[in-house]
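With the sequences and hints as input, model every part of the structure.
Protein chains: 2
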Amino acid sequence: MSSTIRSPYLLFLGDAPDQLAAKTADGIAHWRPEGCVGQLRLEGCQADVGLKDLTLEEGMEAGARTLVIGVANRGGRFSQLWLEILGRALEMGYDLAAGLHNRLVDVPVLAELAEKNGRQLWDVRHPTQELEVANGKPRSGKRLLTVGSDCSVGKMYTTLALEHEMHQRDLKADFRATGQTGILITGSGISVDAVVADFISGAVEWLSPDNEPEHWDLIEGQGSLFHASFAGVSMGLLHGAQADALVLCHEPTRKHMRGLPDYPLPDLKVCMDRNLEAARLTNPEARFTGIAVNTAKLPEDEAGAYLERLEDRFGLPAVDPVRHGVGNLVDRLEENF
Amino acid sequence: MSSTIRSPYLLFLGDAPDQLAAKTADGIAHWRPEGCVGQLRLEGCQADVGLKDLTLEEGMEAGARTLVIGVANRGGRFSQLWLEILGRALEMGYDLAAGLHNRLVDVPVLAELAEKNGRQLWDVRHPTQELEVANGKPRSGKRLLTVGSDCSVGKMYTTLALEHEMHQRDLKADFRATGQTGILITGSGISVDAVVADFISGAVEWLSPDNEPEHWDLIEGQGSLFHASFAGVSMGLLHGAQADALVLCHEPTRKHMRGLPDYPLPDLKVCMDRNLEAARLTNPEARFTGIAVNTAKLPEDEAGAYLERLEDRFGLPAVDPVRHGVGNLVDRLEENF
Numbered sequence: 280m281s282s283t284i285r286s287p288y289l290l291f292l293g294d295a296p297d298q299l300a301a302k303t304a305d306g307i308a309h310w311r312p313e314g315c316v317g318q319l320r321l322e323g324c325q326a327d328v329g330l331k332d333l334t335l336e337e338g339m340e341a342g343a344r345t346l347v348i349g350v351a352n353r354g355g356r357f358s359q360l361w362l363e364i365l366g367r368a369l370e371m372g373y374d375l376a377a378g379l380h381n382r383l384v385d386v387p388v389l390a391e392l393a394e395k396n397g398r399q400l401w402d403v404r405h406p407t408q409e410l411e412v413a414n415g416k417p418r419s420g421k422r423l424l425t426v427g428s429d430c431s432v433g434k435m436y437t438t439l440a441l442e443h444e445m446h447q448r449d450l451k452a453d454f455r456a457t458g459q460t461g462i463l464i465t466g467s468g469i470s471v472d473a474v475v476a477d478f479i480s481g482a483v484e485w486l487s488p489d490n491e492p493e494h495w496d497l498i499e500g501q502g503s504l505f506h507a508s509f510a511g512v513s514m515g516l517l518h519g520a521q522a523d524a525l526v527l528c529h530e531p532t533r534k535h536m537r538g539l540p541d542y543p544l545p546d547l548k549v550c551m552d553r554n555l556e557a558a559r560l561t562n563p564e565a566r567f568t569g570i571a572v573n574t575a576k577l578p579e580d581e582a583g584a585y586l587e588r589l590e591d592r593f594g595l596p597a598v599d600p601v602r603h604g605v606g607n608l609v610d611r612l613e614e615n616f
Numbered sequence: 280m281s282s283t284i285r286s287p288y289l290l291f292l293g294d295a296p297d298q299l300a301a302k303t304a305d306g307i308a309h310w311r312p313e314g315c316v317g318q319l320r321l322e323g324c325q326a327d328v329g330l331k332d333l334t335l336e337e338g339m340e341a342g343a344r345t346l347v348i349g350v351a352n353r354g355g356r357f358s359q360l361w362l363e364i365l366g367r368a369l370e371m372g373y374d375l376a377a378g379l380h381n382r383l384v385d386v387p388v389l390a391e392l393a394e395k396n397g398r399q400l401w402d403v404r405h406p407t408q409e410l411e412v413a414n415g416k417p418r419s420g421k422r423l424l425t426v427g428s429d430c431s432v433g434k435m436y437t438t439l440a441l442e443h444e445m446h447q448r449d450l451k452a453d454f455r456a457t458g459q460t461g462i463l464i465t466g467s468g469i470s471v472d473a474v475v476a477d478f479i480s481g482a483v484e485w486l487s488p489d490n491e492p493e494h495w496d497l498i499e500g501q502g503s504l505f506h507a508s509f510a511g512v513s514m515g516l517l518h519g520a521q522a523d524a525l526v527l528c529h530e531p532t533r534k535h536m537r538g539l540p541d542y543p544l545p546d547l548k549v550c551m552d553r554n555l556e557a558a559r560l561t562n563p564e565a566r567f568t569g570i571a572v573n574t575a576k577l578p579e580d581e582a583g584a585y586l587e588r589l590e591d592r593f594g595l596p597a598v599d600p601v602r603h604g605v606g607n608l609v610d611r612l613e614e615n616f
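Chains as they are written, first to last, in our numbering: chain R, 280 to 616; chain F, 280 to 616.
Think of the hints as simulated: they come from the structure by calculation, not from any bench.
Wrong hints could be hidden among the right ones.
Stated by the list, open to error - With a Cα cut of at most 27 Å, we get these calculated BS3-like pairs of lysine-lysine:
id	chain 1	residue 1	chain 2	residue 2
1	R	LYS416	F	LYS534
2	R	LYS416	F	LYS548
3	F	LYS416	R	LYS534
4	R	LYS302	R	LYS534
5	R	LYS395	R	LYS416
6	F	LYS576	F	LYS548
7	R	LYS302	R	LYS576
8	R	LYS576	R	LYS534
9	F	LYS395	F	LYS416
10	R	LYS548	F	LYS534
11	R	LYS548	R	LYS534
12	F	LYS302	F	LYS331
13	R	LYS416	R	LYS451
14	R	LYS548	F	LYS416
15	F	LYS534	F	LYS302
As the list claims (entries may be wrong) - Residues from chain F that face chain R, not an exhaustive set, calculated with beta carbons under 8 Å:
id	residue
16	CYS324
17	LEU400
18	VAL471
19	VAL475
20	ALA476
21	CYS550
Note that CB positions come from ideal geometry on N, CA and C, so glycine has one too.
Here is the structure:
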């Protein structure tokens with residue numbers, strides 16, 4: 280059994296009712312275009328991730344090894360149409376990968392066909408690794424962790440953008456995925472919010488082991504220390520990461536914590552202080568090296584003014600990774616380390 | 280399927296090599312003597328929890344409904360001798376309950392006998408509840424949570440002692456178990472360190488739902504916000520509990536965090552501040568109402584002086600629940616609420 284999803288991928292968009300339903304495929308096509316041979320769309324599909332439309336046969340000819348389900352299944356069930364295509368893919372030699380709530384391995388027909396054809400089923404939302412409790416021992420190499428004022432404020436995007444920029448500069452860096460979309464993009468990782476609670480920090484230690492002194496593991500953060508539903512995951516991530524560098528991710532127009540209408544966002548200073556304190560429990564040298572802000576909902580001039588105010592207040596580079604890239608963040612990282 | 284382990288219990292001590300191996304049975308016999316008809320010991324058993332020695336037949340005659348495995352199985356496996364006795368118990372009408380790492384339901388012969396005889400197997404370390412993500416909505420009733428400077432500093436003992444003292448005073452209170460020993464003692468609860476990470480806070484919300492205004496849920500804490508392996512669990516517990524009252528538990532002679540030789544204990548002031556801040560995210564009225572110290576390793580006079588210093592420093596009652604009981608803690612609770 281391989282420990283990495285085999286690439287290149289053919290991206291299955293199914294009968295996605297709109298572009299949002301295919302956001303996983305969108306992320307993969309955006310961040311790993313070289314790892315995708317094309318997209319497979321069914322009749323009525325309303326999404327398009329800008330790749331060539333291929334059949335299963337054409338995908339196989341183009342070298343695809345894994346059919347990645349890059350779309351949510353409606354109502355959490357697999358339609359007969361989907362099952363026929365997924366089954367045929369297994370018979371043709373594709374592995375299957377998905378980040379859905381329900382598992383491919385729990386669908387008898389798929390489990391049987393995978394077994395019969397010696398193919399792998401990847402349910403990346405459901406960790407199967409044997410994990411150990413975190414031991415807190417210092418590790419070699421460098422690590423950066425993105426942390427959030429809230430959920431869904433751009434932690435995965437920022438972390439992937441950092442990897443891209445660092446590779447442009449010939450710096451050694453690896454994105455370490457902690458959620459299903461990140462795992463499908465990069466081919467490996469672990470869904471830390473799906474591990475047994477005792478092993479959150481241990482999972483992150485496993486994900487970012489000893490490495491060369493100059494190598495950066497760029498660890499995708501999850502949740503927020505100030506999110507009343509998920510802060511345990513964020514706390515365990517902070518301790519397991521032993522981060523040298525932290526980057527705060529934030530969305531300035533949000534009115535309340537995601538999914539919790541009665542919970543306001545934390546003050547950014549308090550948020551950073553608490554994240555830093557938790558990070559320093561396992562790495563006393565941890566520090567913030569930048570702020571990444573999703574300013575999509577602000578006009579250009581307001582966005583610029585907002586970022587300037589953050590830079591003045593915290594003495595750190597503040598950027599919108601989509602509008603400006605993360606060059607300033609990597610500059611600071613190179614200055615500091 | 281019942282949601283509570285049926286009592287009374289017959290406690291199975293097996294062939295325990297020493298008293299420590301039977302510490303789960305010890306806890307049950309200490310806190311729920313009225314819920315136990317006796318103990319069942321095999322030849323060579325070196326433990327004794329002070330109950331009458333009974334056979335399976337005598338236990339059944341005395342009214343026992345569940346055979347509780349109150350001893351660790353050596354090397355994590357069930358010996359043939361154990362299996363014969365556990366199997367016979369199922370055939371006689373006992374349910375089985377255990378808090379072991381490996382599950383009773385995974386032993387085919389036990390699973391079959393339970394099915395055939397309509398009996399229940401309780402693996403209390405492995406939650407099976409359908410949980411939801413925490414919603415953070417305020418709940419009625421009052422809640423107290425024990426928090427720790429470290430793991431294994433007396434949180435379960437303190438919480439059970441509080442329940443006992445409050446019942447003596449005819450106050451409405453229920454111990455809410457979050458670990459396997461607590462669950463076996465009280466017959467219900469959830470092992471929060473064994474739930475999927477996303478559901479830690481949700482599990483605690485499930486465990487301590489809306490209740491009468493004067494009723495106290497006394498929630499057993501786990502781990503410590505300052506433990507590099509398990510803090511995620513502690514953070515999720517704090518948010519899910521919506522505690523009105525916090526009690527700090529501490530062991531003053533410990534040289535380092537449990538299992539982590541390079542990690543010192545936190546300063547108690549910082550420890551309390553951070554626990555309070557996290558608790559206030561979901562209940563802005565949260566406050567500390569006392570400190571419970573395990574002073575077993577200090578001479579009587581040193582213990583007294585230590586507790587006095589804590590009382591002066593924090594303005595809170597500080598007691599050793601074993602040496603002095605928790606009367607002072609309940610006094611303060613009654614004054615404050």
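Evaluation of the provided hints:
For the given pair, LYS416(R) sits about 17 Å from LYS534(F) by alpha-carbon distance, which is consistent with the 27 Å threshold. Taking the CA atoms of LYS416(R) and LYS548(F), the gap is near 26 Å; set against the 27 Å cutoff, the hint holds. Restraint check for LYS416(F) and LYS534(R): the C-alpha separation of about 17 Å stays at or below 27 Å, so the hint holds. Straight-line distance between C-alpha atoms of LYS302(R) and LYS534(R) comes to about 24 Å, which keeps the hinted pair within the 27 Å bound.
For the hint pairing LYS395(R) with LYS416(R), the CA-to-CA distance comes to about 43 Å; that exceeds 27 Å, so the pair is violated. Taking the CA atoms of LYS576(F) and LYS548(F), the gap is near 22 Å; set against the 27 Å cutoff, the hint holds. Note on LYS302(R) and LYS576(R): the hinted pairing holds, with a Cα-Cα distance of about 19 Å set against a maximum of 27 Å. Proposed proximity of LYS576(R) and LYS534(R) is supported: the alpha carbons are some 12 Å apart, at most 27 Å.
A distance of roughly 43 Å separates the Cα atoms of LYS395(F) and LYS416(F); the hinted pair therefore is violated under the 27 Å criterion. Only pairs whose Cα atoms come within 27 Å are accepted, and LYS548(R) paired with LYS534(F) is rejected, the gap being roughly 33 Å. At most 27 Å may separate the alpha-carbon atoms for a hinted pair to count; LYS548(R) and LYS534(R) meet this at roughly 18 Å. About 17 Å separates the Cα atoms of LYS302(F) and LYS331(F), which keeps this hinted pair within 27 Å; it holds.
Under the criterion of a C-alpha separation no larger than 27 Å, the hint pairing LYS416(R) with LYS451(R) is consistent with the structure, at around 23 Å. Distance hint between LYS548(R) and LYS416(F) is fulfilled; the C-alpha atoms sit about 26 Å from each other, no more than 27 Å. Between LYS534(F) and LYS302(F) the alpha-carbon distance is near 24 Å, which keeps this suggested pair within the 27 Å criterion. With a cut of 8 Å, the hint placing CYS324(F) at the interface with chain R is violated, because the nearest CB-to-CB distance is about 30 Å.
At about 20 Å, the closest approach between the beta carbon of LEU400(F) and any beta carbon in chain R exceeds 8 Å, and the interface hint on this residue is violated. Interface hint status for VAL471(F): upheld, as the beta-carbon distance to the closest one in chain R is roughly 6 Å, under 8 Å. With its C-beta approaching chain R no nearer than about 6 Å, VAL475(F) sits inside the 8 Å limit, and its interface hint holds. Annotation: ALA476(F) was flagged as interfacial toward chain R, and the flag holds, the nearest CB pair being 5 Å apart, inside 8 Å.
Hint on CYS550(F) is violated. Least Cβ distance to chain R is approximately 12 Å, over the 8 Å limit.
Hint check: violations occur at hints 5, 9, 10, 16, 17 and 21; the rest are consistent with the structure.
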